[in-house]
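Residue numbers (my numbering), protein chains in the order written: chain A, 911 to 1184; chain U, 588 to 866.
Not everything, but these chain U residues come out facing chain A in the computed CB check (under 8 Å):
(1) Thr733
(2) Glu734
(3) Met742
(4) Ala743
(5) Ile744
(6) Ser745
Quick caveat, the hints were computed from the structure, so don't treat them as lab data. Remember, it's a predicted structure, so these values are computed and weren't measured experimentally. Cβ coordinates follow ideal geometry from the N, Cα and C atoms, glycine included.
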Amino acid sequence: MSTTAAETRTPAPAPAPSENVVEFREVWKGYGGRDILAGVNLKIRKGEVMCVLGPSGTGKSVTLRHINGLTMPDQGDVIVFGESVVGLTEEQLAPTRRRVAMLFQGGALFDSMNVEQNIAFPVVEHTDYPPDKIAAIVAEKLTMVGLPGIQRKMPAELSGGMRKRVALARSIALEPDIILYDEPTTGLDPLSSEKIAQLIVDLNVRLRTTSVVVTHDIVAARTVADRLAFLHQGRFQFIGTFDEAARGGHPVLMEYFRSMGFPCGTGVFQAIKS
Amino acid sequence: MPRSMTQPQPSATAIFYKNLRWLRFVDRFGRKGQQSIEYLGGLAALVVDTFQATFTRPFYSQEVLRQMDELGVKSLSITGITALFTGMVLALQSAYSLEAFGGKQFIGRVVSLSLVRELGPVLTALMVGGRVGSGITAEIGSMAVTEQVDALRAMAISPTRRLVVPRVLATVVMMPVLTAIADLLGILGGLAIAILELQMTVADYITSIWQQLSISDIGSGLAKTVFFGLEIAAIGSYNGLQVEGGAASVGRATTRTVVIASICVLISDFFLTKLFLAL
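Build the full structure now, drawing on both the sequences and the hints.
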């Protein structure tokens, strides 16, 4: 059903529907009478790292939260794994949410639990694995994020960067198909940022997941993004690779790149300047 | 004369502005009403969800036990002290008023009846509302602002099931227990005063209680507390889940819980008392 609808709506060289794991169709979302998203369209392909870029407060995180149904659109449709998630109840969303992990901005670790309990939490909740298998999973994921042996620590004892990596270990504990990253490098020093960015790329390859990274950090975006989507005034003004963007994707994007001290614009921007 | 001639009929604009004040008043009143109704609706929805989640899998029995300790056992000292001193004050005050009629031997009755039927349940509920209700709001509220509640949802785990149900169950179970202990301590406090201050014997005091106090007195007192427990925990949880923003919002929500929970306890106490008297 949904496949035929997609075909009629997108006529020309529509990629095979199985390739798009997430699709936004004319999504509108407003808060307090202001439209944050005004007709967002985006297709995220299986296996890629899609970076959603834009200044603060433009609705990047809101966009991300639509993918796992934490936020519902006012209008439009969000398709995940070929099925709409719009209007579903929390219980109906559960199967999708088990396949879509999310890394929250502050990590959102449960501060009443230690690192091991935090990472084991989704596994204990959703599987019947015996304790030793769960412990093995926790150890494996901690090693993956480069923090082996800190099982007994409490979240309060960890630095910001470590907390994010533990949170990342928790989000990959159930081996998700999609990982959503909400500002993964915000508030971290450049070195930790770089580590996290590298980790995102590594995990995407090793776990064969699709990643959606929301950020305003261009340096991180350059490291991680297969493609980036630039959100401005409620719409994606540019969707393409980082090089295409740097060459001259969109005037506001150029402005944004320059304000971040990023050299760009050999094409369009230079032409306007001269 | 020319002045009265120049005095014009109030213009349409003037009438509009004159009415505007009223309109604003009605508007503000309406908004308040709407907010209250939305609040009650949301609270009712949470209670319904909580009931459903209580009787369906998965159960978090470990968490319920932990909360019973956290919310119940650790409230023992404040509810106990409150009841003990209330019993002592009751004995002093009733001695003062009954002595004129030579009714000192009725002190046991007065103290035990007031405590068991009314003061034990209500004071315990108010103390628990202050300690437990605010604690629930603060804990769930700070989880909400640090996205831990969203993290639960994102992991396909229901915050109602995981956070609200254990707290509501624990409070509902522990309230009658706390109240029973409070009743007992209050009566003992009264006894202490009767012996030390009023030169009564233990036997006088106990006989006086024994003759008066019935099972239905105790039952109606304890039954009320089940409802109080539900109100306190549900309001605490709901206010916590509603928190948006930062630390300041958590503080505001916590205050709100204490206020609303206390008022709800006092109002529902009246209706529950009427109900139990009619039964």
